[in-house]
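A.B. asks: Residues per chain, in single letters:
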Amino acid sequence: MRSILSVKAAAVLATCISTSTASAQDVEVLHWWTSGGEAAALSVLREDLSESGYGWVDMPVAGGGGSDAMTVLRARVTAGNPPTAVQMLGFAIQDWAKEGALSNLNDLANEQNWSTVVPSALQAFSTYSANWVAAPVNVHSTNWVWANSKIMAELGIEQPTSWESFIAAMQAAKDAGYTALAHGGQAWQEATVFDSVAMGVGGPAFYKAAFIDLDSDALGGAQMVEAFERMETLRGFVDENFSGRDWNLATAMVINGEALFQIMGDWAKGEFVNAGQTAGEEFKCFRVPGSDGTVTFNSDQFAMFKVEGSAAEAQLAMASAVMSPEFQVAFNIVKGSVPARTDISDEEFDACGKLGMAQLAQAAASGNLFGSMAHGHANTPSIQNAMYDVITAHFNGEYDAATAAAELVTAVELAK
Amino acid sequence: MSMNLTTTDQDLKTRLQNWLPKIVLAPSFGLVVFFVYGFIAFTLYLSFTNSRMLPSYEWVGWQNYERLFQIREWDIALNNLVIFAILYISICTVIGLILAVFLDQKIRGEGVLRPIFLYPMALSFIVTGTAWKWFLDPAIGIENTFHLWGWQSFSFDWIKDRDMAIYAIVIAAVWQSSGFVMAMFLAGLRGIDDELLKAAQIDGASNFNLYRRIILPQLRPAFLSAFVILGHLAIKSYDLVIALTGGGPGNATALPATFMYSYSFTRNQMGIGSASAVIMLLTISAIMVPYLYAELNEKKR
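The listed protein sequences derive, respectively, from chains A and B. Using this note's numbering, the letters of the first sequence map in sequence onto residues 1 to 416. Using this note's numbering, the letters of the second sequence map in sequence onto residues 1 to 301.
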């Protein structure tokens, strides 16, 4: 009760603040891109807009995964004063569209031919009943391993191609006194690792059955138990002090040469680039062994909320700027992801970017492009969080693999 | 004629004076009715609906409550609350009482010591949580310091240990609140009539007996206030857990308040979140109402 009240109070406060600062020609943007690489990527868009005469009211709400930002958004919308554009992931866009809170961008989309240049797997999230409601900024793929080249060379580790060689490489690093796997003990990070591990165990058919179709045979089956067992193996390669660490601090461990690998989405690349490192030289990237040929993705989009008058004009200008090839290239080079449009040349991207773009196109063509469970692109937030609960409880040693698989079935059933 | 006028004048005046307190109190009374009891009723209603992301008004009966008690995290949260509340209330009371008794010995420097003990209460729980998070972190806090001093086998990693993390939260919470409890007991001690104590001393009561039989029984109102304040602080504690452990490792330090927040606001399960809020309210009432009732009844007699 108290929290509900304080959120209401925050909403009222937010209303007062924003009405006094946001003028009509401004776009007010709610996002959680606050870490170094991300903030730098976003300033590209800000500069684009200010060149065409639109101001930018920044509303950053820190917290990976954006759950805090979504709380702020709910308060703003309930108070009848939504921001112009909100960084949003997957099913959240659909949920808000269902509430009738989003603008219709069809005119702009038709004019600029969005439906032919954006992959259809993404369109499933940026449109609601055939209306464009969001502008996709990028495609992140989540099943990457980031590796420190220096440690690999020092220990004579080749790029692992199978789960066994991946484990052997980490064992070598552990024996040499390095942290084998940099990891931050937050539920969403554990789920990110689990995502690729499960894909590696069961392949695309299993992934789809378990995380997208929520088939209880797959959720509680032998393959899921094996995926949980592999998580236990990984748990043995994480340093003691992992609990609660932010993802970018875990990335910093690889950058600084304290840790060999990190399993993380391609936003981690932004941190490497920001630290002055080059893909293929100081650091390497490859798919989590076992998940080659498949890509689990999440896509940051700007969901456009219903605003009125000249704010709507500024909103369209922003949507158009987001979809322009120049911005998509400039932004994604800094951010580490790949463009949401497929008609863009990979010339300016680094080795990992080129690899990512090629694999994305391949996976999309072969039907192996799946929304990531860990990032709200496989199912609704309630189910996603129910899975988080089980994965993180298991990773922290609350129960064994078989119990975890059984718990997963129950948790998903309760969240449906 | 003129006399008549003054009496009606006085009548009006007294009537106005009678009404004045009610008029002055009316706005805040109205606000409390609406924002506290109104929203309690609204939450109660939501807990019987299928609200997900935003409130909905479709009645689903007891379904949210049935689901709530099947959710494992809720079990953990309730267990944690029991552990936390018992330890927090009892340790704070004991430490607060001991500090107050010691400070009451007419010692020199009381004026300096009292604010030092009271000071932590002036900090917000977020600050306490963040400071203790660093302090308890094995890599940078106490454990690391002892290692640097050469005591290599020293180990204090409760905050990273699934089974001990809830006790780490108790430590931080006790640090914050015991000074405040001390202040309440100290005020109670100062209120005790000196004559009574002198009489007891003349009768030959030992110091221990003096406290056990005369002073502590008279502190009963202070115990009640301490219990009521600490009890509701324990049940609503949210910010300390969020700052200290974020509910982790895993879900090990989830409390009903963190559960309620996460289900209502980040998981789009507002119905279940409301149900958990109602259970929290009932828990508070179950503890507070009989206690208050007994205390107030006693006073009347």
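Quick caveat, the hints were computed from the structure, so don't treat them as lab data. Take these hints with a grain of salt, some might be off.
To be verified - Computed, partial: chain B to chain A, Cβ under 10 angstroms:
#, residue
1, Met53
2, Gly231
3, Gly247
What the hints assert, rightly or not - With a cut-off of at most 30 angstroms between alpha-carbon atoms, the simulated BS3-like pairs for lysine-lysine come out as follows:
#, chain 1, residue 1, chain 2, residue 2
4, A, Lys416, B, Lys133
5, A, Lys174, A, Lys150
6, A, Lys208, A, Lys306
7, A, Lys174, B, Lys106
8, A, Lys354, A, Lys98
9, A, Lys416, A, Lys150
Note that the structure is a prediction, hence the values are computed from the model and not measured. Beta carbons: idealized from backbone N, C-alpha and C, even for Gly.
A.B. asks: Each hint needs a verdict: does it hold in this structure or not?
C.D. replies: Here is how each hint holds up against the structure:
1. Met53: 5 angstroms, holds
2. Gly231: Because about 15 angstroms separates Gly231(B) from the closest Cβ in chain A, which is outside the 10 angstroms limit, the hint is violated.
3. Gly247: 9 angstroms, holds
4. Lys416(A) / Lys133(B): 36 angstroms, violated
5. Lys174(A) / Lys150(A): This hinted pair holds, its Cα atoms lying about 15 angstroms apart.
6. Lys208(A) / Lys306(A): 34 angstroms, violated
7. Lys174(A) / Lys106(B): 60 angstroms, violated
8. Lys354(A) / Lys98(A): With a Cα-Cα distance of about 36 angstroms, the restraint between Lys354(A) and Lys98(A) is violated, given a limit of 30 angstroms.
9. Lys416(A) / Lys150(A): 47 angstroms, violated
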